[in-house]
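J.: Each chain is listed here by its residues.
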Amino acid sequence: MTKHRLLAATALSALMLGAAPAMAVTVTMNTVQIFGTIDPAKISDYTDYMAAVNLYDGLVTVDSDGNIVPELAESWTVSDDAREVTYKLRDDARFADGSPVEASDVVYTVERLLRINQGPANLFAGVLEPGSVTAIDNKTVKFTLSKTFAPFLTTVPAIFILNEELVKANEGDDDGQTFLATNVAGAGAYTLKSWDRGSQMTITRNPDYWKGFGEGSIDEVRWIVTNDEATVRSLAASGELTMSSQYQSPDTYAALEAMGRFYIAKEETSTSFYLKLNTKLAPTDDVHIRRAIALATDYETIREVISPGGILSTPLPKAFAAFHADDIPAPVYDLEAAKAEVAKSKYAGQPIPITLGYVAGTKFEEEISLLLQANLEQLGFVVTQQADPWNRITEIAGKVETSPNVNQIFFGPTYPSPDSMFFTQYHSSAAGTWASIEWLQDPEIDALIDEARATGDVDKQIELYKTLQHKLVDLQPDVFLNTQTVQHAMDKCLTGFKAVPMMSFDYDFTRYSWTC
Amino acid sequence: MAAQTVTNEPRRLSNAYQNWYRFSRNPTAVIGAGIVILAILAAILAPWITPYPEHVGAVVNFRARHLPPSAEYWFGTDNVGRDIFTRVIFGLRISLLLALVVLGIAIPVGTTLGLLAGYFGGWVEIVIMRLTDIALAIPPLVMALAVAAVLSPDLINSMLAIAALWWTWHTRLIYSITRQLRAQEFVEAAETLGASKFHILFREILPNCVSALAVKTSLDAGFVILVGASLSFLGLGIQPPTPDLGTMVASGSAFLPDYWWESVLPGMAILVVALGFNLLGDGLRDLFDVQEVR
Amino acid sequence: MEFLSFLFRRVLWSLLVLVGLSIVIFAIARVVPGDPARMALGPTATAEQVAALQEKLGLNKPIVEQYGMFISGLSRGDLGRSLLTERPVNDDIRETFAATFELVLATITLAFVFGVPLGVAAARWKDKWPDTLVRVLAIFSAVTPSFFAALLLQILAGYVLHILPTTGRLPHNMEFVANITGLLTVDSLIAGRLDVFGQAVRHLLLPATALALATMGQIARITRSSMIDVSSQDYIEASRAFGVPEPIRVFKYMLRPSFVPPLTILGLEFASLIGNAFVVELVFSWPGMAAYGIRTILQKDLNAVMGVVMVSGVFFVLVNLLIDVLVGFVDPRVRIRGSR
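In the order they appear, the protein sequences are chains A, B and C.
Start counting the first sequence at 1; every next residue gets the next number (the working numbering).
Start counting the second sequence at 517; every next residue gets the next number (the working numbering).
Start counting the third sequence at 811; every next residue gets the next number (the working numbering).
No lab work stands behind these hints, which were simulated from the structure alone.
Check the hints yourself; a few may be wrong.
[Said to hold, decoys possible] Result set (DSSO-like, lysine-lysine): computed pairs, CA atoms no more than 27 Å apart in a straight line:
#1 399(A) / 871(C)
#2 466(A) / 318(A)
#3 88(A) / 211(A)
#4 168(A) / 871(C)
#5 936(C) / 399(A)
#6 266(A) / 492(A)
#7 211(A) / 466(A)
#8 318(A) / 266(A)
#9 147(A) / 471(A)
[As the list claims (entries may be wrong)] Which chain A residues face chain B? A few, computed with CB under 7 Å, are given here:
#10 229
#11 230
#12 298
#13 301
#14 305
#15 363
#16 370
#17 371
#18 373
#19 374
#20 377
#21 385
Bear in mind that the values here come from a model prediction, so they are computed numbers and not experimental data.
Here a beta-carbon is modelled for each residue, glycine too, at the ideal position from N, C-alpha and C.
Could you put the whole structure together from the sequences, leaning on the hints where they help?
T.: Here's what the structure looks like:
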């Protein structure tokens, strides 16, 4: 009941304060899945990060070129052995409630993150131990790493700083999890206005934001949860939609563009679209079968008709230019060669059962799966389609036996470093998630990844990553479909979308502006 | 001329023929029967009467996607280029099959329980009827979804869940008829003659329920098809690429209103088949003058 | 006096049914494969964290004890915590139930407001064209799957004619919270916000119509047949002979006794009404209990699933109880006959 009163009061004051309500700029965007949580210690997928990046600020953030730029911290220094990083906080950094952001808040945030051990905590496994973050003085905080971890600086943007006083006051008996499940205790540009878990979330600009706002800033962002194409079109037609999600079908984008109010913002990204193959489950446990599947995939039709994108030849997208192994050829569609590979496998000569998994309700994934089935059946496979809702996929990815043979997964770097592409997907200690559903668990690959993380020498890293790419292409744990060309239908008055190589950081609405 | 003393009884028309005659006077009933027969025939003969029977498998033809109805594709094509008419006819198979499964379970179970409850009374009646009340308190769709959560979300499980609730309607119907008949003379007579309970239930009472059962089954078939289609629409249908009418409507709805035929035509098929069973049931009800069946 | 004993008996049966329902639901929920604790914590959880949550949720206790916890929680109105939203299921359901309830109320209103007059007209002009029209409409509305009706209405009114909104309860940029009854229509009137009221009604029209069609048809048919039955009664003949004007004859003498069968129909239809509400809510993105239920079912959020099914069941039982009581009130024969 209190919450209703609070909402009513907010609505009322919004009505009163909005002296010129016609001037308030609201961006309405649809998302295809719900927001699981807004607790920075538990965020894990693109919607969680999208909310967090607006409601909270971190020590640093990422720009569209992948560079780490200051946010709450104004500068940082790295020790010679790369084991100590010291951040200096800005003097004017303030939380939404006006209190200053201090080093103790950072310490508390990291300690809590490690305690709860969910969400971004896995980025720091083995790197940050409890007690490794210390406050040197009010505005200076030092991170002491347990070992050399080259990509460390790129993982720091994922630490969204909590207001220690506020959280501790509402700690309860679960480390503030209940409180932070519905409240925001941060220094972000926006505050949570309303959240109907199943259908929408609205955030509103914090007028006291420490960084301030520029011209044409967005006053309110409203996310509507729906992946239904018809609903998106109807919202667009009625004038209620400002920006679409990036997961609509090509027909919908075309329809929205035809309405005249929208333009389609297209960007190459470093998010890659894979067919992840379960390397520990028959028949995809045989490398020849895996190569056969790769040869039986019609890359062109997929890229041109179903899900637009660029060519992907290795697990690492071309966006990571310096580290990309350019000598690896693009994948080929050749059914005859595929047949030859099947003949070389240990399953040759008999009908081969195989499961194709994809996200239920996603039209283009269904189309890709059907296309694959048509080709595979010509090779003697007996195909079972397995469409599951996303959260179920996250669940079945936890065990080898329940992970399907083929899975359509989009994976983008969770921090702007090639390590993010390799560690999260192929390292044994990252096993059991939707990103590592290949169950690769290859000690050679592990060793290469570990080596690359442990050295600060960029040339060595380049060499190691290129070797990694060659080895992985040989092992073929994935079919490399394409790099995603992200598309958004955006209202012509809205600008500012630029792809950022870190999950959902391109939906930081302080980077957008309304030009009408 | 010898006088003919043999009196000629006017030839009585047989019962079946009388029923047929009365039935055929009822235009809506005939239409209903026609639709049902057509649907069943189409479902059985599907592979032979459809123009693109291979389109129920994994066939994709991206050059022919989203084509409107034409001479080549009577109902147009869907988002991967498959002929919708063929898939609708095959989808009918699934719908009818499921109606068969659900009713095949619900009728025997429900009828038996109704007979027992109505004839024996006492605690048997109380237990059975309270069970029925409880089962009726759960909306069938909700039950199917709950079962889908427990087992895997596919059509068989959902229909079993529906069947687990559907018998209740039959139980109530047979129960009320049995209670009325229990007091009748022919039952008393059978009891006095020492007939076994089994005989009384299944040889005396049940035949008198047949007409009500026929009406109810026909009406039910239509409703089961609708419920099944709703479940598929929600995503609990058969896995692709096997065609299923409810799933086709759901799939096609993403392309409204431009490619309306992908959603509207399968939907109309569901409507027409359900209509057929409904009209047939109504016709049978008028024919047998059965009042108890809703 | 007999009315009271009738009432008492009906309430008792209803309670029994509810108890049985709770056992069934509980049994189903506990058969769920997959560990709800693990699901809630995510794939990176350590074994200790999972064990701790299991302990906290009492998942390791014997089944009977868990049922006891469930029942005692129910009686306090506590449906447990949703594993997904981490809020009391109570809160989640309260927010979403109001939306569903408003939709169902609007549906029933539409069904009666249109169904009864149509039935009366059909009876009045029996075997003439209004009768045939009504009967045809009734049949078609009964066999159209609600999701199909919903989609068709969406296309027609939303895309083609652009006259009615097709998603949600209010336009997304309209601010209003219904915190008195939870019903937008009622609360907006109380608050004097006629603009909100107008929009709320506009948004209700399509989903309620889609949902009401089947019931509307049934009600029209039943009203028609019971009106026909009643009109052949002696006292109606007498009133005609005495020259009682037709409107009075129809509305005062014929309509009231004809009301019982439609009410009974409503009771019987109610289960499918709730079921169809699921589908209609999805098509129109209506933020009701159905959408919530489907999501939590897919995510195996045990407490939430049990909450939704329980609330649906209770709602259904209460409505049927209400209808039985109303019918018993109106028709003395039912009271005397007692149990079904």
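J.: Does the structure keep residue 147(A) and residue 471(A) at a Cα separation of 27 Å or less?
T.: Measuring from Cα to Cα gives roughly 26 Å; hence the hint holds.
J.: With a cut-off of 7 Å on the beta carbons, see whether residue 230(A) makes it to chain B.
T.: Since chain B brings a Cβ to about 5 Å from residue 230(A), closer than 7 Å, the hint holds.
J.: For the pair supplied as a hint, residue 88(A) and residue 211(A), is the alpha-carbon distance within the 27 Å limit?
T.: Holds, at about 16 Å.
J.: Given residue 305(A) as an interface hint, is the shortest Cβ-Cβ distance to chain B below 7 Å?
T.: 5 Å, holds
J.: Does residue 370(A) meet its interface restraint, that is, does its C-beta lie within less than 7 Å of any C-beta in chain B?
T.: 5 Å, holds
J.: Are the Cα positions of residue 466(A) and residue 318(A) separated by 27 Å at most?
T.: At roughly 12 Å apart (the allowed maximum being 27 Å), residue 318(A) and residue 466(A) satisfy the hint.
J.: Would the hint linking residue 318(A) and residue 266(A) be met if the CA-CA limit is 27 Å?
T.: 17 Å, holds
J.: Holds or violated: are the alpha carbons of residue 211(A) and residue 466(A) at most 27 Å from each other?
T.: 41 Å, violated
J.: Taking the closest Cβ pair, is residue 298(A) under 7 Å from chain B?
T.: Violated: closest Cβ of chain B sits about 9 Å from residue 298(A), beyond 7 Å.
J.: Is the hint on residue 229(A) kept, meaning its closest Cβ partner in chain B is under 7 Å away?
T.: Interface hint status for residue 229(A): holds (4 Å vs cutoff 7 Å).
J.: So, residue 377(A) near chain B? Judge it on the closest CB pair being under 7 Å.
T.: 6 Å, holds
J.: Would the hint on residue 385(A) be counted as holding, given a Cβ-Cβ threshold of 7 Å to chain B?
T.: 5 Å, holds
Hints 4, 5, 7, 12 from the earlier list are contradicted by this structure; the remaining hints agree with it.
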